[in-house]
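Engineer: So the chains spell out like this:
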Amino acid sequence: MRSTRRIAAFAALGLTLAACSSEAGNQAAEESSSAPTVAEDVDFPAGSTMAELSEAGAITIGTKYDQPGFGLLNPQTGDPEGFDVEIAKLVAAELGIDEGGITWTETVSANREPFIQNGQVDMVVATYTINDARKQVVDFAGPYYIAGQDIMVAEGNPEGIEGPDDLAGKTVCSVEGSTPAQNIRDNYPEAQLTTYDVYSKCADDLRNGNVQAVTTDNVILTGLVAGSDGAFELVGNPFTEEPYGIGLELGDTDFRNFINDVLEEAFEDGRWADAWDRTAGSITGEEAPEPPTVDRY
Amino acid sequence: MQFLSDNSDLLWSAFLTTLSLAVVSGVCALVLGTVLAGMRVSPVPPLRGLATFYVEVFRNTPLTVVFFFLAFGIVQIDLQFPSRFITAVAALSLYTAAFVCEALRSGINAVPPGQAEAARALGLTFGQSLRQVVLPQAFRTVVPPLGNVWIALAKNTSIAAGFAVTDLTAALQRLANANADQLLSVFAAVVAGYLVITLPSAWLIRVVENRVAIVR
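Residue numbers (our numbering), protein chains in the order written: chain A, 31 to 327; chain B, 13 to 228.
Since the hints were derived computationally from the structure, they do not count as laboratory data.
Note that the coordinates shown come from a computational prediction; the quantities given were computed from them, not determined experimentally.
Cβ coordinates follow ideal geometry from the N, Cα and C atoms, glycine included.
Do not take every clue at face value.
Here are the simulated lysine to any residue pairs, SDA-like style, with alpha carbons at most 20 Å apart [to be verified]:
{"no.": "1", "chain 1": "A", "residue 1": "Lys200", "chain 2": "B", "residue 2": "Pro94"}
{"no.": "2", "chain 1": "A", "residue 1": "Lys200", "chain 2": "B", "residue 2": "Gln92"}
{"no.": "3", "chain 1": "A", "residue 1": "Lys200", "chain 2": "B", "residue 2": "Phe93"}
{"no.": "4", "chain 1": "A", "residue 1": "Lys165", "chain 2": "B", "residue 2": "Pro94"}
{"no.": "5", "chain 1": "A", "residue 1": "Lys165", "chain 2": "A", "residue 2": "Asn290"}
{"no.": "6", "chain 1": "A", "residue 1": "Lys200", "chain 2": "B", "residue 2": "Phe15"}
{"no.": "7", "chain 1": "A", "residue 1": "Lys200", "chain 2": "B", "residue 2": "Ser95"}
{"no.": "8", "chain 1": "A", "residue 1": "Lys165", "chain 2": "B", "residue 2": "Ala190"}
{"no.": "9", "chain 1": "A", "residue 1": "Lys165", "chain 2": "B", "residue 2": "Pro156"}
{"no.": "10", "chain 1": "B", "residue 1": "Lys167", "chain 2": "A", "residue 2": "Asp227"}
Covered, in the sense of this in silico footprint (three residues per stretch, anywhere, with C-beta under 8 Å from a C-beta of chain B), are these stretches of chain A [what the hints assert, rightly or not]:
{"no.": "11", "region": "164-178"}
{"no.": "12", "region": "314-321"}
A short list of chain A residues far from chain B (calculated; beta carbon distances all over 12 Å) [stated by the list, open to error]:
{"no.": "13", "residue": "Glu143"}
{"no.": "14", "residue": "Ala211"}
{"no.": "15", "residue": "Asp235"}
{"no.": "16", "residue": "Asp284"}
{"no.": "17", "residue": "Asn290"}
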């Protein structure tokens, strides 16, 4: 009898998952209809990265495949979609490259710098926080978005966690090697940190009650909250600034300036806000924030 | 070098975690694997069947899946290990025991049947002949394959990094992402940590093999 019930529960879970994915698929179909206008008659200084890419009509872009709202692989099309992806398409379009000319490559957190250094990708748009250690090995255009570290808790916030100071004595989960995990270690040592390799395991542990909170950038958490069927909620009190930049080869100042120009134009003419509304904004229901200021360091 | 000494605490504790994962799981797997091997050659059909089932299940399931099941699956039946370290030891032991069992069984098969028959003729029970006559000879035959199993286990501990255990691989992930400009030092330190465990093991295995091997 018990096992029957368990099988029924699994079946229900399967149905829910199927429903979720088909919803995501429909949403994707709507999104893909509004690709950015590809620039024509582009002209770049000879020998520059822009000229090379533009002439080839092809660009390889690294992004994440597992972050809803920013970069998530659509299993039907085989292409990623999200805010990062839209930003990348904008840049490509200004180079005169349409979507067909873009080769997507999955860049997880640990392989972003090596992929740029080896030339396996021309640029990386992958919730990539600009920081000083990374600036030693790659260049950053942007930021095109400023995220903040936030906390996800079980629905109803049973522990009453309002901010990072409330994490003292609680177990909190994040991903090994991530900036948010390091931040907890450095600045909130009273919190018991558990680290996995992916955030979905943190979400599992939060559901099982093994951890009391999950922390990382708010944009990642909103994706998890949206997929949790109301089991989780966001504390909604970001306590860091994570400027997301576009990573490119160290010393390619022309290409960096070019991307910065594209970003500033997109901030101005509304293409940036539009990209937000169609991707991350459609998941969280939040309107596009004020565009950040590009940092031409 | 400055960078490595700055992070020596993390690297040292990560090394100790990896070493203790390997040693504790190794001992558990050896005990469990020996029991399983005994079951597989026992005259009682249900015991044989049970051990065969166990070995086929664990030997043919990816270790990551075993980890995932013990970390997130058994919660469904209201079971939990007290810590993630113990979860990792359990996963590594259960998985490795299947390989220990098979290595040992090959050793048991290599013991001439006359040995077991002679033991029976002396009036020893099955358990006695296994413990006192067959297994001692089997172990001496299977030092090299058991050595391979041990070295594979030492490297397999790295999967624990994905399940909330801060071992050398977890330290690699943590340091590599936070220090993009020091990647090579991080890799060198972590690889050295694994080599410190595996290379002396390989040497020790050869020494033991030379001393106990039976020339047939």
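Engineer: None of the hints should be skipped; say for each whether it holds.
Structural biologist: Evaluation of the provided hints:
1. Lys200/A with Pro94/B: Between Lys200/A and Pro94/B the Cα gap is close to 16 Å, so the pair holds against 20 Å.
2. Lys200/A with Gln92/B: holds (19 Å)
3. Lys200/A with Phe93/B: holds (19 Å)
4. Lys165/A with Pro94/B: violated (42 Å)
5. Lys165/A with Asn290/A: holds (16 Å)
6. Lys200/A with Phe15/B: Violated: Lys200/A and Phe15/B sit about 31 Å apart, past 20 Å.
7. Lys200/A with Ser95/B: Holds, at about 15 Å.
8. Lys165/A with Ala190/B: holds (12 Å)
9. Lys165/A with Pro156/B: violated (49 Å)
10. Lys167/B with Asp227/A: holds (18 Å)
11. 164-178: Our answer is that it holds, as 4 residues pass the Cβ test (under 8 Å) against chain B, meeting three.
12. 314-321: violated (count 0)
13. Glu143: violated (4 Å)
14. Ala211: violated (7 Å)
15. Asp235: Given that some Cβ of chain B is not farther than 12 Å from that of Asp235/A, nearest at about 8 Å, it is violated.
16. Asp284: Given a closest Cβ separation of 23 Å, the condition holds.
17. Asn290: With a cut-off of 12 Å, Asn290/A remains clear of chain B, as the shortest Cβ separation is near 21 Å.
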